[in-house]
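Chains as they are written, first to last, in this note's numbering: chain A, 354 to 507; chain B, 354 to 507; chain C, 354 to 507; chain D, 354 to 507.
Bear in mind the hints are in silico, worked out from the structure with no lab data behind them. All clues given are correct.
Copies of the same chain look alike in the list, so a pair counts if it works inside one copy or between any two.
Here are the simulated SDA-like pairs of lysine to any residue, each with C-alpha atoms no more than 20 Å apart in a straight line:
id : residue 1 : residue 2
1  : Lys-468   : Tyr-454
2  : Lys-468   : Asn-416
3  : Lys-468   : Gly-414
4  : Lys-468   : Ser-418
5  : Lys-468   : Pro-413
6  : Lys-468   : Val-483
7  : Lys-468   : Thr-415
One-letter residues, chain by chain:
There are 4 protein chains.
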Amino acid sequence: MIAVCGGGEADAETMRLASEVGRELAARGALVISGGLGGVMTACCQGAHEAGGLTVGIVPGTNTSVANPDVDIAIASGMAEGRNVLIVHSADAIIALKGAYGTLSEISLGLAMRKPVAVVGDWCPIPGVVLFETPREAAAHAVAATVRAGGQRA
Amino acid sequence: MIAVCGGGEADAETMRLASEVGRELAARGALVISGGLGGVMTACCQGAHEAGGLTVGIVPGTNTSVANPDVDIAIASGMAEGRNVLIVHSADAIIALKGAYGTLSEISLGLAMRKPVAVVGDWCPIPGVVLFETPREAAAHAVAATVRAGGQRA
Amino acid sequence: MIAVCGGGEADAETMRLASEVGRELAARGALVISGGLGGVMTACCQGAHEAGGLTVGIVPGTNTSVANPDVDIAIASGMAEGRNVLIVHSADAIIALKGAYGTLSEISLGLAMRKPVAVVGDWCPIPGVVLFETPREAAAHAVAATVRAGGQRA
Amino acid sequence: MIAVCGGGEADAETMRLASEVGRELAARGALVISGGLGGVMTACCQGAHEAGGLTVGIVPGTNTSVANPDVDIAIASGMAEGRNVLIVHSADAIIALKGAYGTLSEISLGLAMRKPVAVVGDWCPIPGVVLFETPREAAAHAVAATVRAGGQRA
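Sequences and hints are given; from them, build the entire structure.
Encoded structure:
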């Protein structure tokens, strides 16, 4: 199970990259977990579905109906920003696309929990992540790390 | 998505009932969510798998590897008993089999959140639940309530 | 640190009992922790203040300003009903006054965590609690259990 | 209520700065909230006590006995790293001293929740924080922001 993080609102290029991350993960048999809402979260779920994958979304509130339509399994945390912790706890690895402070919190939490964190692009100010130029490389890295650790697959 | 609650250790009759609850839910197209560990949680996941269903388990710790083998989607809450709240928040209805205080906490939380709570058997001291003699009746009731509310299906 | 649980809306007699629980706890040097809102939560904080005690309130949302004016230390859980788990985790013992399902969830969680649970009055359907007729007896019992376990004092 | 964040293990200079942050906050009437364990968390609580302040610690596990001896009010989250979210939710402002990824997660969460984040020193890679050279300046900034927002005082 691999977390995909990034902005709830995103530019067209970031959306394209997020969709490709979802496709590449699903094509490798990984479950995709995200915050289940818009922007990067929507794009990665759509991409995963295009490749026949399964998607999990952990939403901040107490109602799963806010999840985007490409979330297969919606979990209602009722924990506001605390849902970021659940996403990172549940993931075997994290792939981060361009985002704001919520995304940085997920990257920091992933690193604090000693999980592999792959970042697509050159935007991340936090040291300790592994940078990739393409979704394909980031997905391959994250899935390889997960398989080594014996993680969940779809 | 329907939560199945009950003892982490259970007698043979309760295990049989839990397995049948899982089968009846999966046969009606419901996703089964539970605490993902042993006893009733294991039996309901096995039953759901026998009927081709999909199962979600929210485990108390930070490691998904403790989930029973019939959990398809494991979420690591890292929240100890707090994971009970996530199960109830995410479920459209709750079916409870014989259990101890953890099960009573899930029943109470479900009622506090005004969700349908169906109990199999005559063991529950908390008023306000709907009692059923058989798993089939409880599953039919829970699924009907979920469909009326527009809940998640597998 | 002793949790006081009970209805967010309460009748005059329950409010009187809750206030007396707060006074009796504070007079014995205990910290009072509650959900920080109205009804029993307000009354126990007022009672604690009358006896010079200190009060902690864990509110459900992300804003501490909803806490009642007699909460000295407000914690914003942002966890909705999940805040009940934090109250019980933090308490050395629980005193419950008449309440609804939220109160039953706190009683169940307390028993699941093997903490002493003292109930004032004859209203509680859950077995395993210790029943008391008066706030004074319940407070004495809870404080004695806490002292034996080495718990926090104001 | 002002959160003090920083490494659970810290060098002598960071400990000295953290202690001074605690003293400066308490001298201005602020409640100090932290993760309640070692390093910066211990030093800021000690400093607050030297100036007569009150300290709150939210510990990761389910047992408050791990809190450092200068924590007055210990809250057991039972939420592992998720306790960082509770600290930030409850704080009116955040002061961060040198730390690792857990500290970066608290800074990110604070910024995501649009709370003032003051950093002592020149070590923080995350943009959007306000940098200060001395604990006195950081404390004054954080308390001023809190007073403007109507926050909690000891």
